[in-house]
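Undergrad: Protein chains in written order, with the numbering used here: chain A, 11 to 101; chain B, 386 to 779.
Treat each hint with caution, since some may be false.
[Said to hold, decoys possible] Derived DMTMM-like pairs: lysine to aspartate or glutamate, alpha-carbon spacing no greater than 25 Å straight-line:
hint: 1; chain 1: B; residue 1: K749; chain 2: A; residue 2: D38
hint: 2; chain 1: B; residue 1: K454; chain 2: A; residue 2: D38
hint: 3; chain 1: B; residue 1: K747; chain 2: A; residue 2: E81
hint: 4; chain 1: B; residue 1: K727; chain 2: B; residue 2: D646
Because the hints were derived from the structure by calculation, they are not lab data.
As the structure is a prediction and not an experimental result, all values here were calculated from the model.
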Amino acid sequence: MSKRLAGKLVIYVLLLIIHWFLIRYLADRQIVATLFSAGAAEHLAPALIALGFVALRLFLVLLLPGLLVCEVVNGILNFCDKISGPISDEA
Amino acid sequence: MKKENGPTHFSLLSVMRRIPLLIVVFALVAWQVPHRWAARHAPDWYASDPALVTGVSRSVQAWVQRDLKQSSFNTGDVRFDGEWLFGTYLMAGIGFCQEAMLFPDRREHLVPLIEECVEQVLSDEVKVFDISAWRTDPIETLDDPDQHHAAYLGYLNLLLSVYRQLEPKNRFVKINDRISDALAARMAASRIGLIQTYPQEVYPVDNCAVYSGVALRERLAPTIHGDMLARWKEHFVRDYVDKETGLLIQAVNFRDGEAIDDPRGSGTTLGLYVLSFVEPEFSRQLFEATRDQLAGHFLGFGGVREYPRGVVGFGDIDSGPMVFGFGMSSTGFSIAGARIHKDRELFTDLFSTLYMCGAPLKRKGEIEYVSGGPLGNAIVFAMLTAVPTAGGTE
Numbered sequence: 011m012s013k014r015l016a017g018k019l020v021i022y023v024l025l026l027i028i029h030w031f032l033i034r035y036l037a038d039r040q041i042v043a044t045l046f047s048a049g050a051a052e053h054l055a056p057a058l059i060a061l062g063f064v065a066l067r068l069f070l071v072l073l074l075p076g077l078l079v080c081e082v083v084n085g086i087l088n089f090c091d092k093i094s095g096p097i098s099d100e101a
Numbered sequence: 386m387k388k389e390n391g392p393t394h395f396s397l398l399s400v401m402r403r404i405p406l407l408i409v410v411f412a413l414v415a416w417q418v419p420h421r422w423a424a425r426h427a428p429d430w431y432a433s434d435p436a437l438v439t440g441v442s443r444s445v446q447a448w449v450q451r452d453l454k455q456s457s458f459n460t461g462d463v464r465f466d467g468e469w470l471f472g473t474y475l476m477a478g479i480g481f482c483q484e485a486m487l488f489p490d491r492r493e494h495l496v497p498l499i500e501e502c503v504e505q506v507l508s509d510e511v512k513v514f515d516i517s518a519w520r521t522d523p524i525e526t527l528d529d530p531d532q533h534h535a536a537y538l539g540y541l542n543l544l545l546s547v548y549r550q551l552e553p554k555n556r557f558v559k560i561n562d563r564i565s566d567a568l569a570a571r572m573a574a575s576r577i578g579l580i581q582t583y584p585q586e587v588y589p590v591d592n593c594a595v596y597s598g599v600a601l602r603e604r605l606a607p608t609i610h611g612d613m614l615a616r617w618k619e620h621f622v623r624d625y626v627d628k629e630t631g632l633l634i635q636a637v638n639f640r641d642g643e644a645i646d647d648p649r650g651s652g653t654t655l656g657l658y659v660l661s662f663v664e665p666e667f668s669r670q671l672f673e674a675t676r677d678q679l680a681g682h683f684l685g686f687g688g689v690r691e692y693p694r695g696v697v698g699f700g701d702i703d704s705g706p707m708v709f710g711f712g713m714s715s716t717g718f719s720i721a722g723a724r725i726h727k728d729r730e731l732f733t734d735l736f737s738t739l740y741m742c743g744a745p746l747k748r749k750g751e752i753e754y755v756s757g758g759p760l761g762n763a764i765v766f767a768m769l770t771a772v773p774t775a776g777g778t779e
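Next comes chain A alone, as it looks inside the complex (with noise of 0.2 Å):
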């Protein structure tokens, strides 16, 4: 496993651990509920702190599965090309 995708893993479990922590932060504080109530301008810091949340969730349950599996299958093509010897631009 190449030094660059051990790093974007770590960066990937460390945004789960930040989500895990938040999650039971803002159900302690009941700060999402507010973001989702017209008078959230009231609160802009929760808000906006909420909102991050949202962001966060979106990305790690939508966009992390398919990041992951293309760092698969790219892992996978490398070392192919590893295997078969780099292409020439000729080629």
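With chain A fixed as given, assemble chain B onto it according to the hints.
TA: Chain B in isolation, oriented as in the chain A frame:
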């Protein structure tokens, strides 16, 4: 293939050739995996798994036993804060009733919770939003035919009737009778067949709750309203269900009953839920119209549109936030419709969206939907425990 004279690094062309493949792989995974993962508990919920129901029930129980006030909500409008406080106790109470119907052995534990919800709904703190609008107390003016209070009395009476179905000799039977008789008299006296939620504001969906509460009580303890209710239903279907789409019209003029808003998802889906207690066939018709006209997908996640296809509209306090035309309220309320009318596929699709947006958190035996707050959790509880209609097939 190895080229002896080629460069030793992976060329740009080689990387460029991969990009379309990786895009296809990414799209395929995003389309197929997340919604399936988010829906993994849907079969258990569809089968009313006792542990899951208990988890959400405990979370809602914790909410209703907290010292909730209007100020616990931040809608930006005092009336809506009051409505949300009212809605929290109402939906929690109905949810507890449904849980007791699904699991009769839990009745003893749930009855005190249901009664606490009813007491809260009857309290001055909760009904103040309705008093502010009408400038009269809805309970003290039950003998005044001009004081409609359709929403407060209609939904409260539905809770009382559903509870009466569960406990025929409960301590709220008298108030259930008084409210039912008052509402029946107002329905019969109305020129347009509907009564007002707030002065000069008429919403067919609130009248579905009025009808459902009165008709359920009539079924449990028959009085003289049977014929009036049958005529009312006929009139309602003829005038307030959109002929083209089969959806409920959202709002009508209080003078002549003419539509002043479009047929919409939030009203229709809540209407079909409250009607399911007494009119399963009418509820099914509304559910089928919802499924045909409003249901859709985004990346496999199910959603229910607020407006029919081709109609452009904006979100409001009824619809909740709208994304790509899908409304939060109509999507949430449709979960109950899919359970009641045994549409497993739609239930699964909608549940995946609930999981994604609701962010459920399980801890200490409770399952709480983090983005829901008190009202959201109470609604989710009521929707996920909606009792399927007897008979029929999936």
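Undergrad: Against this structure, judge whether each hint is valid.
TA: So, going through the hints one by one against the coordinates:
For the hint linking B/K749 to A/D38, the alpha-carbon distance of about 13 Å falls within 25 Å, and the restraint holds. Note on B/K454 and A/D38: the hinted pairing holds, with a Cα-Cα distance of about 18 Å set against a maximum of 25 Å. A hinted pair counts as satisfied when its Cα atoms are at most 25 Å apart, and B/K747 with A/E81 does not qualify at roughly 31 Å. A hinted pair counts as satisfied when its Cα atoms are at most 25 Å apart, and B/K727 with B/D646 does not qualify at roughly 30 Å.
Of the numbered hints stated above, those contradicted by the structure are hints 3, 4, listed in ascending order.
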